[in-house]
Structures are given as C-alpha cells and as structure tokens.
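**Q** Below are the chains, spelled out letter by letter.
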Amino acid sequence: MAQYSFWREKWRLISEGLFRDTPPFFLVIGLCPALAVTTAAINGVIMGIAVTFVLMGAEVIISLLRKWIPRTIRIPVYVIIIAVLVTVIDLVLAGTVPAIHRVLGIFVPLIVVNCIILGRVEAFAAHNTPANAAADALGYGLGYMWALVAIGSIREILGNGTWFGLQIFPEGLPTVDLFKLAPGAFVTMAAVLAALNVIRRRRAPTSEKNAAIPVVSRNAAA
Amino acid sequence: MSTQTTTAAQDGVATQGPTLIIGPAPYVHAPLTRQAILAVFITAVVPVLGVATYFFGWRALGVAVAAVAGAYGAEVVAHWARQRSLFGSPGPALVTGLVLALALPPAVPLWIPFIGAFFGVLVAQELFGGYGYQIFHPAMVGWVFLVISFPSFMEGWLEPFELVTAATPLSQIRAGAGPDLWTLFAGTTAGALGETSVPAILLGGLLLLVTRVADWRPVVGMLGTVALMGWAFTGNPLAELMAGAALFGAFFVATDPVTTPLTRWGRFLFGVGVGLVMMVIRLWASRPEGVAFAILFMNSLVPLVNLLTRPRPKKGATAGA
Chain R
0 MAQYSFWREK
10 WRLISEGLFR
20 DTPPFFLVIG
30 LCPALAVTTA
40 AINGVIMGIA
50 VTFVLMGAEV
60 IISLLRKWIP
70 RTIRIPVYVI
80 IIAVLVTVID
90 LVLAGTVPAI
100 HRVLGIFVPL
110 IVVNCIILGR
120 VEAFAAHNTP
130 ANAAADALGY
140 GLGYMWALVA
150 IGSIREILGN
160 GTWFGLQIFP
170 EGLPTVDLFK
180 LAPGAFVTMA
190 AVLAALNVIR
200 RRRAPTSEKN
210 AAIPVVSRNA
220 AA
Chain H
0 MSTQTTTAAQ
10 DGVATQGPTL
20 IIGPAPYVHA
30 PLTRQAILAV
40 FITAVVPVLG
50 VATYFFGWRA
60 LGVAVAAVAG
70 AYGAEVVAHW
80 ARQRSLFGSP
90 GPALVTGLVL
100 ALALPPAVPL
110 WIPFIGAFFG
120 VLVAQELFGG
130 YGYQIFHPAM
140 VGWVFLVISF
150 PSFMEGWLEP
160 FELVTAATPL
170 SQIRAGAGPD
180 LWTLFAGTTA
190 GALGETSVPA
200 ILLGGLLLLV
210 TRVADWRPVV
220 GMLGTVALMG
230 WAFTGNPLAE
240 LMAGAALFGA
250 FFVATDPVTT
260 PLTRWGRFLF
270 GVGVGLVMMV
280 IRLWASRPEG
290 VAFAILFMNS
300 LVPLVNLLTR
310 PRPKKGATAG
320 A
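If you read the protein sequences in the order shown, they are chains R and H. Just so we're aligned, residue 0 is where the first sequence starts under numbering that gives the first Met the number 0, counting upward by one. Just so we're aligned, residue 0 is where the second sequence starts under numbering that gives the first Met the number 0, counting upward by one.
No lab work stands behind these hints: they were computed from the structure. Yeah, the Cβ is synthetic: ideal placement off N, Cα and C, and Gly gets one too. One should not assume that every hint holds.
[Claimed, not checked] Here are the in silico distance ranges between beta carbons for each label pair:
1. R:Arg11 / H:Val64: 37 to 45 Å
2. R:Gly171 / H:Arg83: 34 to 42 Å
3. R:Pro108 / H:Gly87: 47 to 55 Å
4. R:Val197 / H:Arg33: 49 to 57 Å
5. H:Arg81 / R:Ala93: 43 to 51 Å
6. H:Thr182 / R:Arg200: 54 to 62 Å
7. R:Pro108 / H:Trp79: 40 to 48 Å
8. H:Leu31 / R:Arg200: 37 to 45 Å
9. R:Phe18 / H:Val219: 56 to 64 Å
10. R:Arg70 / H:Leu126: 41 to 49 Å
11. H:Arg83 / R:Val59: 51 to 59 Å
12. R:Phe18 / H:Arg83: 27 to 35 Å
13. R:Leu30 / H:Leu31: 39 to 47 Å
[What the hints assert, rightly or not] So, partial list: chain R residues that the calculated Cβ filter (under 10 Å) puts toward chain H:
14. Pro108
15. Thr174
16. Val175
17. Asp176
18. Phe178
19. Leu180
20. Val191
21. Ala193
22. Val197
[Stated by the list, open to error] Over the 12 Å line for every Cβ pair with chain R, so calculated as not near, a few chain H residues:
23. Thr18
24. Ile147
25. Thr187
Generate coordinates for the entire structure from the input sequences, incorporating the hints supplied.
**A** Following this line, the structure appears as structure tokens:
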C-alpha cells in the first residue's frame, strides 16, 4: 500500500465491473432483461440507468449499515432496501419516460430479484466501505448498461434499420424481423458471447491459450 | 500364445514398435458411401427441379443456384473460422441448398434463398460441428428463418406458366373451394417451387427408396398419418396429401440421414410425429402449411425417440452369444 492512491483504487473497482466482469457477458447473469427488453438501444440505456441507480443506492446503504444488519436475516433486509429503491425508480420512469416504461414493463419491478444487485450486495457491499461500494456499483451498473446497449444496438440496427431511432439503412431496405423477436435475442447474445470469448482467448497468455477461459468470476455470488 | 498375450498386457506401458490404433465403431462398410448417398439424393432432386423450371421458368434455377451458393458460402466461412481447409466437398451444400430452394415460393428475390441457406447452414450445421453433426435440418432452419424474418417476401405464390399471383391450393381448400384432384396431381397450381408436381416428387422419391438412400418408414409413417388425419377431419385425404409440401417433405426432408432417429421404428415414429404436427398446424393453427415447423419439432425429439425405440436383446439371449 505504499503507492496507495484513492482514485486509482476506485478506478480499479469500477473497471472490474465495467470490463472484466461485465454482467451479462462475462458473468452471464442478469440475462432476463438483457434478452427481453433489448429490442432497441434506448431501452438498454434506460434499463441500465435503472439498474445503476438501484445498485448504487443498495450498495451504499447496505455498506453503511453493514455493521448493524444481523447476519441471519441479512437477505430479507437487503431485499427490503432494494425493493424501496426499485419502487422509486419504477415510479420515476413511469413519470418521465412513459413509453419506454411500458416497453420495459415487468422487468423494472423485477430488478428486485436481479442477481447482479443481490450478488454485489452480498459479495461486496456487505464488507466494504461505502466509497468502495459506490465505485463497485458504478462499474457493474455501467457495465450492465453498455452490454444492454450493445445487444440492443445490434438488434435495432438489423431488425429495424435504425439506431437510437435514427434511420441507418435506407427506408425501403428489408429488415430482418427475426432480431425483433425472442429468438433473435438469443442469437445475438450467443454471437456476442462467442466473439468476446474469442477475443479474450486471443489476448490471454500463450500458456493459457489452450485452456478454457472461465467465464464466471471468483466473486460472483448469485 | 495365451502366455504371450499375458506378458504383453503385463508390461503394458513399455510397448514399442508399431501400435494398432482402433477407431470407434462401426467397422462394417456399407456399399453406399457418403459421397454416393449425396449423389443419389441430388439425382433424385433433378426431376423436381426440372419440373419447377418448366412451370416457373429459368428463375427456378436461379433460386437453386443462389441457395446452393449461400449454403456453400456458409461452409467456407465456417471452415475459415475453424482453420480447416476452405473448400470441402460440395455435396452437403448442394443438398441443403436444393431442398431449401424447392421449398421457396417462385417469386422470391434471389438474395432470399442465399441468405436463408447461409443462415441455415451456418447456425444449424456448422455451429453444431459441421455436416453430420447437425441436430436440426439446415434447410428447414433456413426456411423458418426466412418466414419469420421476411414474411412479406415469402408469399410470392405464382400460377405456373402465366406467372400471375395466385392463392395456394391449401388456402383454397381451407376457403372451401380447392382445385380438383387431377390438377393437384399434375401440380399446375400455385405453390413452392418443388412441392406442386406429384409425379416428379414420386419419381425422385422412388429413386431414393429403391437405392435405399432413404428409408421407407418415415415416408410411410408421415404420409399415413397425413392421410388418416385428412380422412378423419376433412374427409379428403388425397387432397391433403397432394396439396402443399407433405409429399416433398416426406420424401426429401423426413428421410434425411443425419437429423432423423437411428432406429428403424424410431424413423417410423418420426414420420408419424411430423405428419401429426403438420396436420395440426394445417387444420387449427394460423399458418396454411407446417411441414418445416413439424420437421424441426420432431428433430428436437430425436434423442427421445432413439431412447424409446432402442432395440433390446431377446429374452434368453446372453452377452457374447
């Protein structure tokens, strides 16, 4: 800890969730919304904001309370805190972006039981300082967001010819409706996962090249 | 000799000199090689493709060429990604491409068969390990992909010769006024390129059965079920058999050696299942025809069918007897 730097430590925590453990890609958790709501890139942004908000609030609050929460009933306590935050963001989204809120539908209330939130709270916030918990939450929340935006972008461009509502392909060009439907979500997800695994394998040290790269991180709890 | 064997087995590890490498079973060689099977299949498709060209013009050949090109292109791309030699045998691509092309409506733009075959072969065949390892029939996967993704392009039904838009006999039958049986038999009706002409399909199908490239069991199982359900629910089994893709599917798709069960009665059950699902879709679902969906559905049940129909030793038989 000779060269301890507050910001360097925070950046390490943020980048961990952002790049190394990007939830739907490398931890393969939080898949239901990643498959269900990613018909358009903008849905990914809104869903990402909701998850980041809930994760940030839950991690900071639970980190602050970590010494007073009895171990035996910690999960019910976590869920109550998360549920309050989810209700807040649900009502905020319903009031500010009603059209997208309708598309996201049940998946906003379902953030309560999202494995990313419970997993990070249990594995990280429960025994780290609030500042570190906030950095961790930011990393995982934004990591989730970019993953959803990536899937949503591919599906929106191929399935609708648009990106964030902007026309990418000329109007008359046929679009691949499959990507708007559920099977398209699975196909996209699988293709992105395969591509990222190939990239990771290429970048791994030679000795590890032939070994399978584990996709589940050591501190994934849920 | 027995002592010698024992010694050899005892010092096991220190074996030197030439080693006999034994591959997995089966060891029996059938006279029909993979190349020969594919060649017979392609020959059997020729009459169907010929009639399609006669009915719908040179465009039919164009669709076939585009589909084969798509299928072969997908193989080359997959071989490149897997660092294999790029250009393999064209047999599997020809079969998949031709089956897909003959299942398409005549008025499709040429990029449709190309994309469909490319997707079908890449996703259903190459991702599963290449030809011989696929679980789902690549041509049917390609067809379903096209129907779901480009529904507006998959309804270009044309009247033969005149090439004007027309309804398919199946939708006419459901509307209450189907063409007479002779017209259905001759196939001078609107429909997919390869599905209308009964004589051409029967000619190719018989070639498959006589050369044993195709097993008769899935054909009989499927057509029998279609006829039975047609008789029970519409009272017109012959029309149900000859309209739509039932015959083409029975002879050219349900007999595929890779994606169907291994056991004889399993193949019969497979045919029955395809016929059943297909008729349920025809009679009570929102689509007029359901051969491709039925094939894919039964493809997913193949391991179960294999298990259910696994041959058991006769009573009293002992191992090694």
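**Q** Determine for every hint whether it applies to the structure shown.
**A** Hint-by-hint comparison with the structure:
1. Distance hint for R:Arg11 and H:Val64: a CB-CB separation of about 57 Å, inconsistent with the stated range 37 to 45 Å.
2. A C-beta distance of roughly 39 Å is found between R:Gly171 and H:Arg83, which places it inside the suggested range of 34 to 42 Å.
3. Between R:Pro108 and H:Gly87 the beta carbons are some 51 Å apart, a value that agrees with the proposed interval 47 to 55 Å.
4. Range check, R:Val197 to H:Arg33: Cβ separation about 30 Å, and the 49 to 57 Å hint is violated.
5. Take H:Arg81 and R:Ala93: their Cβ atoms lie about 49 Å apart, and the range 43 to 51 Å holds.
6. Checked against the hint of 54 to 62 Å, the pair H:Thr182 and R:Arg200 passes, with Cβ atoms roughly 59 Å apart.
7. Distance hint for R:Pro108 and H:Trp79: a CB-CB separation of about 46 Å, consistent with the stated range 40 to 48 Å.
8. The given range of 37 to 45 Å is respected by H:Leu31 and R:Arg200, whose C-beta atoms sit roughly 40 Å from each other.
9. Range check, R:Phe18 to H:Val219: Cβ separation about 58 Å, and the 56 to 64 Å hint holds.
10. For the pair R:Arg70 and H:Leu126, the supplied restraint of 41 to 49 Å holds, since their beta-carbon distance comes to about 46 Å.
11. Hint check: H:Arg83 to R:Val59, Cβ distance near 53 Å, so the stated range 51 to 59 Å holds.
12. Taking 27 to 35 Å as the suggested C-beta distance range, the pair R:Phe18 and H:Arg83 conforms, at roughly 32 Å.
13. With their beta carbons about 45 Å apart, R:Leu30 and H:Leu31 fall inside the hinted range of 39 to 47 Å.
14. The restraint placing R:Pro108 at the interface with chain H is violated, with a minimum CB-CB distance near 30 Å, outside the 10 Å limit.
15. Residue-level restraint check for R:Thr174 holds (minimum Cβ-Cβ distance to chain H is 8 Å; threshold 10 Å).
16. Residue-level restraint check for R:Val175 holds (minimum Cβ-Cβ distance to chain H is 5 Å; threshold 10 Å).
17. Taking 10 Å as the C-beta cut-off, the interface hint given for R:Asp176 holds, the closest approach to chain H being about 5 Å.
18. Hint status for R:Phe178: holds, given a least beta-carbon distance of 8 Å to chain H, under 10 Å.
19. With its C-beta approaching chain H no nearer than about 7 Å, R:Leu180 sits inside the 10 Å limit, and its interface hint holds.
20. This hint is violated: R:Val191 has a C-beta 14 Å from the nearest C-beta of chain H, more than the 10 Å allowed.
21. Nearest Cβ of chain H to the Cβ of R:Ala193: about 9 Å, under the 10 Å cut. The hint holds.
22. Hint status for R:Val197 relative to chain H: holds, with the closest Cβ pair at about 9 Å, below 10 Å.
23. A cut-off of 12 Å between C-beta atoms confirms that H:Thr18 is not in contact with chain R; the least separation is 25 Å.
24. H:Ile147, annotated as away from the interface, has a beta carbon of chain R within 12 Å; the closest lies near 5 Å.
25. Once the 12 Å rule is applied to beta carbons, H:Thr187 is consistent with being away from chain R; the minimum gap is 31 Å.
Checked against the numbered hints above, the structure violates hints 1, 4, 14, 20, 24; every other hint is satisfied.
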